[in-house]
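A.B. asks: For reference, the chains in residue letters:
Protein chains: 4
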Amino acid sequence: MTSSAPTLIALLHGPDQRGLVARTAGWIFERGGNILHADQHRDTEYNVFFQRIEWVPVPAVGNPPAGIASVARPPEARVAASVSSSPGLKGGEAGAVDSEAAAFIDFAATLGMVAQVASSTHRPKGTLFVSKADHCFHDLVLRGKAGEFAGDFACVISNHPDLADAARGYGLPFHHVPLAAGTKAAVEAEAQQLQILREVGAEFVILARYMQVLSGGFLQEFGRPVINIHHSFLPAFAGGRPYHQAHERGVKLIGATAHYATAVLDDGPIIQQDVVRVTHRHSVEDLIRKGRDLEKTVLAQAVRWHLENRVLVYGHKTVVFD
Amino acid sequence: MTSSAPTLIALLHGPDQRGLVARTAGWIFERGGNILHADQHRDTEYNVFFQRIEWVPVPAVGNPPAGIASVARPPEARVAASVSSSPGLKGGEAGAVDSEAAAFIDFAATLGMVAQVASSTHRPKGTLFVSKADHCFHDLVLRGKAGEFAGDFACVISNHPDLADAARGYGLPFHHVPLAAGTKAAVEAEAQQLQILREVGAEFVILARYMQVLSGGFLQEFGRPVINIHHSFLPAFAGGRPYHQAHERGVKLIGATAHYATAVLDDGPIIQQDVVRVTHRHSVEDLIRKGRDLEKTVLAQAVRWHLENRVLVYGHKTVVFD
Amino acid sequence: MTSSAPTLIALLHGPDQRGLVARTAGWIFERGGNILHADQHRDTEYNVFFQRIEWVPVPAVGNPPAGIASVARPPEARVAASVSSSPGLKGGEAGAVDSEAAAFIDFAATLGMVAQVASSTHRPKGTLFVSKADHCFHDLVLRGKAGEFAGDFACVISNHPDLADAARGYGLPFHHVPLAAGTKAAVEAEAQQLQILREVGAEFVILARYMQVLSGGFLQEFGRPVINIHHSFLPAFAGGRPYHQAHERGVKLIGATAHYATAVLDDGPIIQQDVVRVTHRHSVEDLIRKGRDLEKTVLAQAVRWHLENRVLVYGHKTVVFD
Amino acid sequence: MTSSAPTLIALLHGPDQRGLVARTAGWIFERGGNILHADQHRDTEYNVFFQRIEWVPVPAVGNPPAGIASVARPPEARVAASVSSSPGLKGGEAGAVDSEAAAFIDFAATLGMVAQVASSTHRPKGTLFVSKADHCFHDLVLRGKAGEFAGDFACVISNHPDLADAARGYGLPFHHVPLAAGTKAAVEAEAQQLQILREVGAEFVILARYMQVLSGGFLQEFGRPVINIHHSFLPAFAGGRPYHQAHERGVKLIGATAHYATAVLDDGPIIQQDVVRVTHRHSVEDLIRKGRDLEKTVLAQAVRWHLENRVLVYGHKTVVFD
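Chains as they are written, first to last, in our numbering: chain A, 380 to 701; chain B, 380 to 701; chain C, 380 to 701; chain D, 380 to 701.
So that you can see chain A by itself, here it is in the shape it has in the complex (with noise of 0.2 Å):
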């Protein structure tokens, strides 16, 4: 898309039923709207139906009939369905959405839907926490700055000081929040980062091989979305140093999973995954080093298409309108 016209992009889900294509659509275009992209999927398993739109709101946004963003719904309940129904969206937030946007959510509620609208003139912030591998952070910024992706990095944080140098360097602010051993510790680590992020309005994380465990409670608080990156095995390996398991066990693919971060380790809904072919002749310092290639990519990927709002989150999995 090079159009410079301000677009908006809803996401929404719901039950299935007749002609939600046709009155999504038709109140885009009632209102003036022009549909760029719009994409729907079907869960024929469970009857729900989901939908990517994204649409030139024009000339409704600036000028819209009066009261009906306002009027449609008390905000809690606004509030309430977008941070519930996903961890990437902004729903719900006064100010980050317009009202032409506050209208289609109010739209959505009206055929049962859960809608959540992104705007294209506001770019998300976010914040990288980064330990000691630098791969994936250099990666994303670079990248970054390359234009790849539809929102910015705001700062750093990490438990450790290593790549302090590196993040000024790049111009981002580097938080080190290191991690004493004990609860209490780890409680008060958890709550000089939530510091952090609300101070420079983070929208989203991205754990850029961060290798510490972010407990429920700091996702619950954060309530955006947590973007981590792990590698992945055919077999899955339980247990520490698992490159070396794959090398014991003589796996031929080594693979990475990109998901959003849930209370439960590794477990979230998956966003993008990969795999890279090794051999015998590859030592673990291989299995390693290839494995940091893919989790570059597979992690970039999964940011890319988060910010582009291109992943709708339902149940344990993900719609990815790519």
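Don't take every hint at face value.
So these bits of chain A aren't anywhere near chain C, every CB distance computed over 12 Å [unchecked claim]:
1) Asn413
2) Arg522
3) Ala570
4) Val592
Quick list of in silico lysine to aspartate or glutamate cross-link-like pairs, EDC-like style, CA-CA up to 16 Å [unchecked claim]:
5) Lys511(A) with Asp541(A)
6) Lys511(D) with Asp541(D)
7) Lys524(C) with Asp701(B)
8) Lys524(B) with Asp513(C)
9) Lys669(C) with Asp701(B)
What the hints contain is simulated information worked out from the structure, not anything from laboratory work. Backbone N, C-alpha and C define an ideal beta-carbon position, used for all residues, glycine too.
Guided by the hints, dock chains B, C and D onto chain A, whose structure is given.
C.D. replies: Structure of chains B, C and D alone, referenced to chain A:
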């Protein structure tokens, strides 16, 4: 899709304009239909809109509002529109498209769109053209028997007798149409092939490693889609024995391309491509064997998509709604 | 390899020491042999040396220095060495390995190495085990007929009668060995299967989607390699209906793994793995179909490598000299 | 390889004859060396033998049998042999190859083989040529810092000043050599580049999206390997703006090829190739972005293999001992 209700699948395209998604969906909705899938694409460079819609036309089909399909425009226009715009569908054929399909074609024309509509109640019949190589032949027939295709093979035509027994073993009539040298013989052979295609009512042809070029006259006379498979290399090689050239050049990848046949050899709209990795350890024979495997999967995928009405041709390329 | 001269292929491994490459090559050279291929691997973690050598034993074979093969060590040791070290080769079998092969095995033993030697003059015969699914069955048989394998299928054994006609259509004897419930019936069925394997002189078994587990007793009694194919997922799924679980979990890749069968289900040394990409648009049926295609190519590759004596098993993994 | 003992890596090729594997291994063994890896290849069509051997020359190195390396043949022959046969190694350089390496080169010559030998104690220095695009530049430098390459980048040369700050941020000297129009200016610029290469002692050059063609004279004068990366398509496209042409043609795959530069543009021996899948949904900008990612990984792989002395060039192609 496991639904047993008959569905219609429309492929349409035309100049982009505001409201097309709303209008097509609205038309179906108002007539009582239920959209199962809808996928759109916009070529922003040429300002062309493309859409594939699959819907259950209940209860309109069988009892359409009187006269719509037959009155809206003269039948010859409908035939011309669908034949000129697509190598794959049967838009304008009397009896093959029921009245609701015809009504949709008429409606699309009012939007300046060319549409073709296929009905799930009709399984198109096609013909396999083969020579001596049997890998694509066996693969396609066995996939057909396994239920992978939304169409059937009615018979086999070959310029060699080699696969006669194998075809009959599958219960497929086999026609040996030898090709003698000379232009006159070629014309006669194509006439004989066309006669067979007419007799079986072939709606598509698959060139499953048929090692002869079909003339522009044949393609025009047949007037239906012909799908071909050929090897592809990076870089490309002109002249004969391409696998030998690729081996000589030390390529690291070999590829295959499935495309609609046109009068220009190996140059029609591409449906599917794939590659496989090779090394210096692979002999020319290995390259050829790997090429065979590629050809099988690439051609099968192209046939599957074509028969599911997922391929829309425009200009020199395809939109594949996969 | 298009050379028509008979070749020997040795797979050997043992504790690494200085000079192994020179010694094995020197032994062959001094006896007048010509090495066509030689590939080595060193497991630096465990200090194990692995080698595959293919050579033309001219003019030694047919007229070897008297007594070397038979004197060097007692035959029972040779058998034990080769059977215990590999699921794939026929190192110690009288008559199946000519005297030069035997001499090489003796020589390797003096280096502390276990060797198996196969002769290109011998095409091993194997048996296909199938149930109802026919995709791997057809694929393997057709590849065999196309000359892709350095071995032949002697017969088909199934616990269901479904593929009897297809097998016979290919000229393959079909044995229906039904499996009634209960331990006693299972033991009797395996005894019947072993009897068939003995009668045809089966040197390997391919489980081409044979949906039964072979007992440890069966594997031990047969004493030859058994290759199995199964689906693989990231993450792995325990329990039944894995494709449904994978669909439920929203995986983006599905995989297949070919491995040597061991008494532990789906856990033997891996020969080959591959994956294919899926999206939310794919139904469970699509996943199963894509899984079928994967299973075919992955199993065929494993069978090809095995029959070309490219797979060396040690510990729980394989070295594949591809 | 985590061994800290210095190793030698020989790449050799010549007319095939009986006993070559035994002789090279025997020579190393007799002088007390220990072979770590040995990989052979035979081009059966042209009857050429290729080998890569890596060994620990203990205790010969540092205390070789007197006179072997220096007596065997005149130094100029050695230089000619290694330079003419390979773009990648430093066979004949005084001081860069120790006496054992020289002795091996002499020995190989007695077998009719051309050999180049690299020592693990020497890390070659190279120069990055860039223009404005920075993706390959950042990727290579960061991989170098991560320890992925067995060599180092000594400086950066560019025809544009754009990447000056980025290079210096990495601690890399940056030389701006602008290219004015006209033949004379081009000759002068190349002379300036060659002067820089001489001053830093560059042993290889990487064209990291350097958008200028180097003359045959430059390549001959430099006399060391120059690795280039370019996009590749199926089919190939002549003329400018290839991504636009590929988009226009509706290709389903785009590729990248890393190769040694020759006087014929984009036509040198191929080191590595890869592709990525695209669809009609991808804009030209998407294709270009995906092409950037491909270029990074393909070029990095080629550089890694080259610096590990895994690439042997002969005729118009490469043997990559991966």
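A.B. asks: Which of the listed hints are not met by the structure?
C.D. replies: Hint check: 7 fails alone, others pass.
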